[in-house]
Amino acid sequence: MSGNGYLTGEFFASGDDACAEGAIRAGCRFFAGYPITPATEIAERMSERLPEVGGTYIQMEDEMASMAAVLGASWGGVKAMTATSGPGFSLMMENIGLGLMTETPCVVVNIQRAGPSTGLPTLTGQGDMMQARWGSHGCYSIIALSPSSPQELYDLTIRAFNLSEEYRLPVLVMSEAATGHMYEKVTFLPPDRVEISSRRKPTVPPEEYLPFNPDSCMVPEMACAGEGYAFHVTGLTHDERGYPASSVAVQDKLVRRLVDKIEKNRDDIIEFEEDGVDGADVVVCSYGISARVSRIAVNRARQEGIKVGLLRLITVWPFPEDRIRQIARRAEAFIVPEINNGQIVLEVERCAAGRTRVIPLSHLGGGVHNPESILHAIERVAR
Amino acid sequence: MSKTVTDGKHLLDPYLRVERLPHIWCPGCGLGLVVGCFMRALLKSQIPLDKVAVVSGIGCTGRAAGYIKLDSFHTTHGRAIPFATGLKMARPDLKVVLLSGDGDLLSIGGNHLIHAARRNIDMTVVLVNNFNYGMTGGQLGPTTPLTARTTTTRAGNQEEPFNVPALAMAAGAVYVSRWTTAHFRRLEKSIHEALLKKGFSLVEAISPCPTYYGRMNKKPTGLALMQHYRDHSVIKSAPSPVSEDMDGEITVGKFVDIERPYLPAPGGQPA
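Residue numbers (my numbering), protein chains in the order written: chain A, 1 to 383; chain B, 384 to 654.
FYI, nobody ran anything at the bench for these hints, they're computed from the structure. Any given hint could be a false lead.
Stated by the list, open to error - Distance ranges between label pairs, derived from CB positions: (1) A:H137 to B:I430: 32 to 42 Å; (2) A:H137 to B:Q541: 24 to 34 Å; (3) A:R256 to B:N494: 42 to 52 Å; (4) A:H137 to B:D390: 39 to 49 Å; (5) B:T604 to A:T203: 42 to 52 Å; (6) B:I430 to A:D322: 50 to 60 Å; (7) A:D267 to B:A553: 51 to 61 Å; (8) A:H137 to B:A607: 35 to 45 Å.
This one's a predicted model, so the numbers in the text were calculated from it and none came from an experiment. Note that beta-carbon positions come from the ideal geometry of N, C-alpha and C, so glycine has one too.
Working from the sequences, and respecting the hints, build out all of it.
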């Protein structure tokens with residue numbers, strides 16, 4: 001460890017540990033959480049590491065409280081996060097909504113297990129992908145990232161913090177037990193190799209400050225508690241002063257901006273990885289651990305002479321619609337392996353809009369796909 | 384209180400978001416009085432105002448934060464205390480105060496209240512108890528007395544209400560008091576003491592809701608409810624062992640004023 005409390009260099013680490021280190025690297029100095037398999041190790045590591053870097057860890061009484069505490073800490077000017085799994089994610093939805101409405105930067109990590117309900121606590125799943133998009137009530141856009149390895153849990157947790165600070169919203173890291181509990185070599189980066197973003201602070205004196213005035217970039221400058229700005233924040237529909245305003249016009253203006261600040265910056269936010277997609281007859285579109293398993297199948301199919309590509313989604317929300325539409329014009333089929341009964345496949349279908357076949361490949365959780373099953377799906381389409 | 388109006392302005396105007404007035408509270412409601420007591424107690428405490436954050440949940444009292452010209456947060460229903468816990472733990476230099484109601488703090492947020500008291504988080508809670516859910520039209524709440532009528536207990540409430548001071552005391556609060564809006568000087572003094580207390584302090588302010596609770600229970604005006612408080616309150620040094628019933632004695636007073644380790648611990652993280 002270097003003198004400033006950051007770990008640098010190569011480590012044999014679990015995805016959960018890598019996530020915690022990524023958070024600390026990104027500047028996270030507050031963690032509130034509640035124990036839950038398979039995300040508990042993130043809380044455990046944060047409880048040890050945060051005091052070493054001058055941060056604060058608190059174990060709350062439940063996940064509703066954890067999410068609320070994270071928002072409170074963020075309004076105190078401290079980068080904050082929580083980590084959970086399906087049952088806790090459900091409880092966090094309420095205050096994720098408050099975070100969206102009040103434009104509060106923070107990170108929520110979901111190490112998914114198989115549901116519904118208590119489901120398979122110790123075994124992997126990807127069943128919360130639509131909940132990530134739509135789980136809190138009302139209209140909004142959100143950012144969700146999907147890491148495929150412990151290294152990416154480190155890298156994408158940093159990116160999640162940066163996006164949350166730039167766009168002022170809760171950003172979701174949607175991993176799963178298979179990756180969170182996987183041990184691999186992970187490189188923890190030195191400070192000069194990590195870019196860190198922080199929220200824009202007010203550039204005007206308190207008497208001129210409008211806390212929800214978005215100016216040209218759609219994301220308002222953010223004062224924090226104790227800085228003398230005497231601002232008001234509410235989960236009610238509010239005007240630029242932050243005051244409640246119950247009208248169709250204010251609702252339209254506010255919610256449209258909350259959506260637009262994400263949707264109109266898709267090019268900056270969306271990240272995916274392609275392998276041989278251009279010219280492929282079959283494109284496997286997947287994410288997280290399922291993309292990693294898909295790679296095995298794709299490589300074997302290529303050995304059989306099948307022209308198959310892999311599109312690995314790194315940003316799942318907002319969904320990379322444009323790229324899917326482009327591919328749908330040329331490829332003969334999409335195959336979408338995921339550890340649920342078909343969630344992201346619905347988005348692929350929507351964007352493909354009947355131009356090409358879209359084949360779901362579901363696994364209901366508790367394990368990952370057998371690469372053979374993906375290979376067989378590719379072979380069936382290719383024949 | 385010799386003179387409360389000067390040049391057409393209230394003495395507390397500089398500390399209120401006057402551009403938001405008139406407020407949404409009904410005639411006869413006690414909330415304006417509680418906010419006045421709070422602001423005067425805060426000013427008397429000499430705590431720097433730019434280091435004070437006010438947090439509210441949802442409900443009539445939940446709107447209080449929005450009228451006070453300080454850093455103020457109107458959160459989700461029941462979650463004011465955990466929001467405030469995060470704020471205080473991240474920023475120990477801030478004085479964090481909660482103004483919220485009985486439904487918000489004791490029903491949907493009841494678990495958070497007892498855990499904040501157990502942890503002894505350094506915050507002051509002003510719990511305004513009007514015995515029902517006012518914002519939604521006068522339904523049964525966690526403090527509605529036995530036999531009281533509400534819009535969801537037309538034949539009379541059959542549930543035992545919380546004994547708020549006893550609950551806070553058992554959960555570990557280091558300062559617990561209870562007054563009614565008829566005792567507004569004592570209420571103000573008590574809030575002042577609570578603001579200066581290190582640890583989890585709770586002041587319960589019993590407050591009229593003439594529009595719903597009062598009309599449903601034969602005390603249809605703020606005045607009738609204030610009269611009831613005056614006639615039925617008894618000052619004691621310990622909370623009543625039982626929850627009050629509708630027309631019996633209202634036990635008020637300062638019940639707890641003790642010291643024990645609190646969070647955030649002075650000088651950093653606890654070992």
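Results of checking the hints against the structure:
1. A:H137 to B:I430: 32 to 42 Å: 37 Å Cβ-Cβ, so the 32 to 42 Å window holds.
2. A:H137 to B:Q541: 24 to 34 Å: Once the Cβ atoms are compared, 32 Å apart, the range 24 to 34 Å for B:Q541 and A:H137 holds.
3. A:R256 to B:N494: 42 to 52 Å: This hint is violated: roughly 36 Å between Cβ atoms.
4. A:H137 to B:D390: 39 to 49 Å: The hinted range 39 to 49 Å holds for A:H137 and B:D390, with Cβ atoms some 47 Å apart.
5. B:T604 to A:T203: 42 to 52 Å: 51 Å, holds
6. B:I430 to A:D322: 50 to 60 Å: At 54 Å between Cβs, range holds.
7. A:D267 to B:A553: 51 to 61 Å: Given a distance of about 56 Å, which is inside 51 to 61 Å, the answer is holds.
8. A:H137 to B:A607: 35 to 45 Å: Once the Cβ atoms are compared, 40 Å apart, the range 35 to 45 Å for B:A607 and A:H137 holds.
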